[in-house]
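One letter stands for each residue in the lines below.
2 protein chains.
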Amino acid sequence: MTSPATTPPPPYYAVIFTSRRNEQPGDGYAEEIDRMYALVHQQPGFLGFDTARSDGVGITVSYWDSEEHIAAWKAKAEHLAAQREGRARWYDAYELRVARVDRAYGFERTEV
Amino acid sequence: MTSPATTPPPPYYAVIFTSRRNEQPGDGYAEEIDRMYALVHQQPGFLGFDTARSDGVGITVSYWDSEEHIAAWKAKAEHLAAQREGRARWYDAYELRVARVDRAYGFERTEV
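Chains as they are written, first to last, in this note's numbering: chain A, 1 to 112; chain B, 1 to 112.
Check before you lean on any hint, since a few could be wrong.
When chains are identical, the list treats them as one kind, so a pair holds in a single copy or across two.
Here are the simulated EDC-like pairs of lysine to aspartate or glutamate, each with C-alpha atoms no more than 20 Å apart in a straight line [as the list claims (entries may be wrong)]:
no.: 1; residue 1: 74; residue 2: 111
no.: 2; residue 1: 74; residue 2: 95
no.: 3; residue 1: 76; residue 2: 92
no.: 4; residue 1: 74; residue 2: 102
no.: 5; residue 1: 76; residue 2: 65
no.: 6; residue 1: 74; residue 2: 108
no.: 7; residue 1: 74; residue 2: 27
Keep in mind the hints are simulated off the structure, nothing from the lab. Values in this document were obtained by computation on a predicted structure and should not be read as measured data.
Assemble the whole structure, with the sequences as input and the hints as a guide.
This is the structure in structure tokens:
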């Protein structure tokens, strides 16, 4: 996957997930995240995502074609289990924001 | 600053800035970012931000009370100069998305 994610012209939707976690090696977090990344790519309406983590702060922004497809992903069984584990073990705090992207513009370097 | 950023109840606005850059030590990037972070806190309508960077990918999400205040920050002279430097030197690619946050919910661990 290459960041920034490639997305269609607006409008579309963004789920902004910011988290702070207690980094415990071997707590299964990395494996579960890999599982969720593989799974989300199969979800209807999924457009792509960007993710970064530093100093214990993680930001993952996923892009979607509709709020209905966001709701379907939120309610998916494997994802619900991961959400429970997140609250039980991995995260000290998180905030999830659902937003409608109205405008977007980008830049890409072209060497000459 | 503590992440996740504390924000008022929706609706409010998010500017999602994702970037890929060629990490060149001593290119003045870190100093300029510190200057911009200090400056943005003085902008009318600024609510907070979250930022993370890993594997050359940066995500900064800033939160605002209105699109007018986002436009004012975009047009601010010192910020315009930083944007020019970003395109000339620091970034290989970026995408900037302006979104309206309609729903938000969070979690914070409370030890018992």
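Results of checking the hints against the structure:
1. 74 / 111: neither (41 Å within a copy, 26 Å between copies)
2. 74 / 95: within (14 Å within a copy, 26 Å between copies)
3. 76 / 92: So residue 76 and residue 92 fail the 20 Å test inside a copy (23 Å) and across (36 Å) alike.
4. 74 / 102: Result: close only across copies, 16 Å inter versus 22 Å intra.
5. 76 / 65: within (17 Å within a copy, 33 Å between copies)
6. 74 / 108: For residue 74 and residue 108, the Cα distance is within 20 Å only across copies (19 Å; inside one copy 33 Å).
7. 74 / 27: neither (23 Å within a copy, 42 Å between copies)
Hint violations for this structure: numbers 1, 3, 7, all remaining hints satisfied.
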